[in-house]
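Protein chains in written order, with my numbering: chain Z, 1 to 206; chain B, 207 to 691.
Calculated directly from the structure, the hints in this document are not laboratory data. Treat the hints with care, since some could be wrong.
[What the hints assert, rightly or not] Here are the simulated DSS-like pairs of lysine-lysine, each with C-alpha atoms no more than 25 Å apart in a straight line:
(1) LYS687/B <-> LYS94/Z
(2) LYS201/Z <-> LYS35/Z
(3) LYS181/Z <-> LYS321/B
(4) LYS181/Z <-> LYS533/B
(5) LYS590/B <-> LYS201/Z
(6) LYS181/Z <-> LYS586/B
(7) LYS590/B <-> LYS209/B
(8) LYS423/B <-> LYS94/Z
(9) LYS50/Z <-> LYS494/B
(10) LYS94/Z <-> LYS358/B
(11) LYS685/B <-> LYS423/B
(12) LYS494/B <-> LYS203/Z
(13) LYS494/B <-> LYS67/Z
(14) LYS94/Z <-> LYS76/Z
(15) LYS302/B <-> LYS50/Z
(16) LYS48/Z <-> LYS76/Z
(17) LYS209/B <-> LYS181/Z
(18) LYS64/Z <-> LYS494/B
(19) LYS94/Z <-> LYS685/B
(20) LYS48/Z <-> LYS227/B
(21) LYS494/B <-> LYS181/Z
(22) LYS533/B <-> LYS94/Z
[What the hints assert, rightly or not] The following label-pair restraints were derived from C-beta to C-beta distances:
(23) ASN136/Z <-> LYS478/B: 55 to 61 Å
(24) PRO270/B <-> SER80/Z: 54 to 60 Å
(25) PRO177/Z <-> TYR260/B: 47 to 53 Å
(26) THR241/B <-> ASP15/Z: 33 to 39 Å
(27) GLY52/Z <-> LYS590/B: 42 to 48 Å
(28) PRO177/Z <-> GLU341/B: 43 to 49 Å
(29) GLU293/B <-> GLY52/Z: 48 to 54 Å
Even for Gly, the Cβ is constructed at its ideal location relative to N, Cα and C.
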Amino acid sequence: MRQISLALQERRYSDLMRLIEAALTEGIGPDAILKEGLIRGMEEVGEKFKEGELYIPEVLAIAKGMKQAMDILNPKLIQSGFKATGKIILGTVKGDLHDIGKNIVKMMLEGAGFVVDDLGIDVPAERFVEAVRTNNAQVLGMSALLTTTMNYMREVIEAVTEAGLRGNIKVIVGGAPVTQKIAEQIGADGYAPDAILAVEKVKEWL
Amino acid sequence: MRKDYFVRVQPHLTLLDEEQKYEIHMASLEILERTGILVHYDEAFNLLRKAGCYTRNGNRVFIPGPVVEEAIQSVPERITISNRKGERCLYLEGRKSYFGTGSDTPNVIDIHTGKRRKAILDDVRDAAKVSDYLENIDFVMSMGLADDVPPKLSDRYQFEAMVSNTIKPIMFTAWDREGLEDIYWMAVAVAGSEENLRRNPFLIHYSEPIAPFIHPKDSLQKLLFCAEKGIPVEYHCISIAGATAPATLAGSFVQANARMLSSIVIHQLKQKGAPLIVQSPVIYLDMKTSLMPYFGPEWCLSTLMSKEMALYYGVPTFGKAGATDAKVLDQQSGIEIGMSILTESLVGNNLIHDIGYLEAGLTSSLAAIAICDEVISHVKRFMKGIDISPEHIAIELIDKVGPDGNYITMEHTLQNFRKEAWFPKLLDRNRYDNWIALGSKTMLEKANELMRKILTSHEVTPLLTEVKKEMEAILQKAKEKESKG
Chain Z
1 MRQISLALQE RRYSDLMRLI EAALTEGIGP DAILKEGLIR GMEEVGEKFK
51 EGELYIPEVL AIAKGMKQAM DILNPKLIQS GFKATGKIIL GTVKGDLHDI
101 GKNIVKMMLE GAGFVVDDLG IDVPAERFVE AVRTNNAQVL GMSALLTTTM
151 NYMREVIEAV TEAGLRGNIK VIVGGAPVTQ KIAEQIGADG YAPDAILAVE
201 KVKEWL
Chain B
207 MRKDYFVRVQ PHLTLLDEEQ KYEIHMASLE ILERTGILVH YDEAFNLLRK
257 AGCYTRNGNR VFIPGPVVEE AIQSVPERIT ISNRKGERCL YLEGRKSYFG
307 TGSDTPNVID IHTGKRRKAI LDDVRDAAKV SDYLENIDFV MSMGLADDVP
357 PKLSDRYQFE AMVSNTIKPI MFTAWDREGL EDIYWMAVAV AGSEENLRRN
407 PFLIHYSEPI APFIHPKDSL QKLLFCAEKG IPVEYHCISI AGATAPATLA
457 GSFVQANARM LSSIVIHQLK QKGAPLIVQS PVIYLDMKTS LMPYFGPEWC
507 LSTLMSKEMA LYYGVPTFGK AGATDAKVLD QQSGIEIGMS ILTESLVGNN
557 LIHDIGYLEA GLTSSLAAIA ICDEVISHVK RFMKGIDISP EHIAIELIDK
607 VGPDGNYITM EHTLQNFRKE AWFPKLLDRN RYDNWIALGS KTMLEKANEL
657 MRKILTSHEV TPLLTEVKKE MEAILQKAKE KESKG
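Turn these sequences into a full structure, and let the hints steer you where they fit.
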């Protein structure tokens, strides 16, 4: 498992895939591979990032490697009856076309083993509500870069409440002008200033 | 070389030679033809199509080189900005530099308590007032995003607050085209007529597209309105290397340059010869915090290249100085303020903004403006250079004083020391004991004292009552429209 963790951290993808296949052949359960190998590796990556040893592009590349590994493991996990970690809906609110932050959050969440439904940019309240209604997701994440469009997040939360769906879902918000205080004011459940902390917050809930 | 030789020599900074500018220009043209841009506004899209651009899906546009060259030809090489009274004062041409504050910071550092708090409309008034007083501040921006006014109307309120508290030119933002229009009519009231405003504009609008090559509807609506009305506008093309642009400086710069060229094209197609100000700088995304810093060595290189390309094309430029990522006025802020003002002065951008910014543009500080004013004064002396002439070389004087005389009592010294030397106002050069006797003040303490004094003592030339009434009426109408929603 240590080997798998290191292969992931050091971005040796062909080694990583080989080691995972070998482990599965040996009879090691996919959930053990996920928990002891991959997730342990991602946790170490998180630590290294906090200490300034790794930077965002490297963390993202590792998250991509994680996703590749998950693509192999997921069918096996489902076969062995493993419960999925969680589903998150993401979108940049209406009137706003900025999406880099959201995309980084998406990659980090997938790297943490979550499933993400990305609604894209310029997303109106109706589409968010529809996604919450039909998707079976546990978390709704919204992003805005402009102080103007940030206020629209409040409208989305109101729309979700009006549709009677607010109790089913946790809401997290982010974006350059957003703060903890603003998140509380608009009725969100959580706020994160960057993708790493966003994933930690979501993990707390799920 | 000859008798009676006289010259004033001034320092300047260069980086690119003609070949390198050519490479950058050629690469930009290729990108605009091959990759193209996204244009999310029908009017702009149709102008581009009619001009001969290739299009796809109603918003993707590929711009042929000749269309770009024509726009470069027609964009004015110089813009004269006036003050509120219509007196022409800022000559945006060549490497003539003017400094101003920044806009829309959600927070300010309170000048009395020193604490960080939310910005209110009074902060906009105060910042305009101190800028009106300070010798080395040439134009103002809002220095606050007022929390105590209806959010969707803050742009109009802030414009009114600025124009009432300074006669200096104003650079402003607007939420959308409606906000821009209201502010336009407020400015017309001040200028007296549309023609007065067009001929001697005292305001400049700020808007921006999004990297890599996205021109959003709001930004274009504002850009085209300015083109139509002859309002000078800066359409800002900053690229964030490693995030919205390549991680290599040349790649991100060429991308920003190409986006800047596409902006000139759109603007000039709406109105040939309309005044436009540009900049195509690059900042590297901080790969630890994922935030966009406001100063850095790569940025310094890019602002220089941006100026050199703009001179190559013939269009006035924007710049940024006196802005720090520090949260307080500490050593980091001192370093970033000093280095940025020196760099921008050497580069020679025309309209240099964000003086007084802290926390990467999220907090503004009046004390910081005072400190920047001192630094600008210092750097201006450096940029003034040296006069070389027989009188200045003063061989006869040197001979008269001889090998072991002194100059302190010489008439030549008396005549020249005030003209040649720079005198600090806030920088401290006292002996230690004297510094203690004077209260052992830090520069920050002195800056705070100065700003508090200016706020109570400086008087701004008031607006005429009729003008105030007209602006109030426009504001009132906007408020009514907003509440009807």
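**Item:** Those earlier numbered hints the structure runs against, lowest number first
**Value:** 5, 6, 14, 15, 16, 17, 20, 22, 25 and 28
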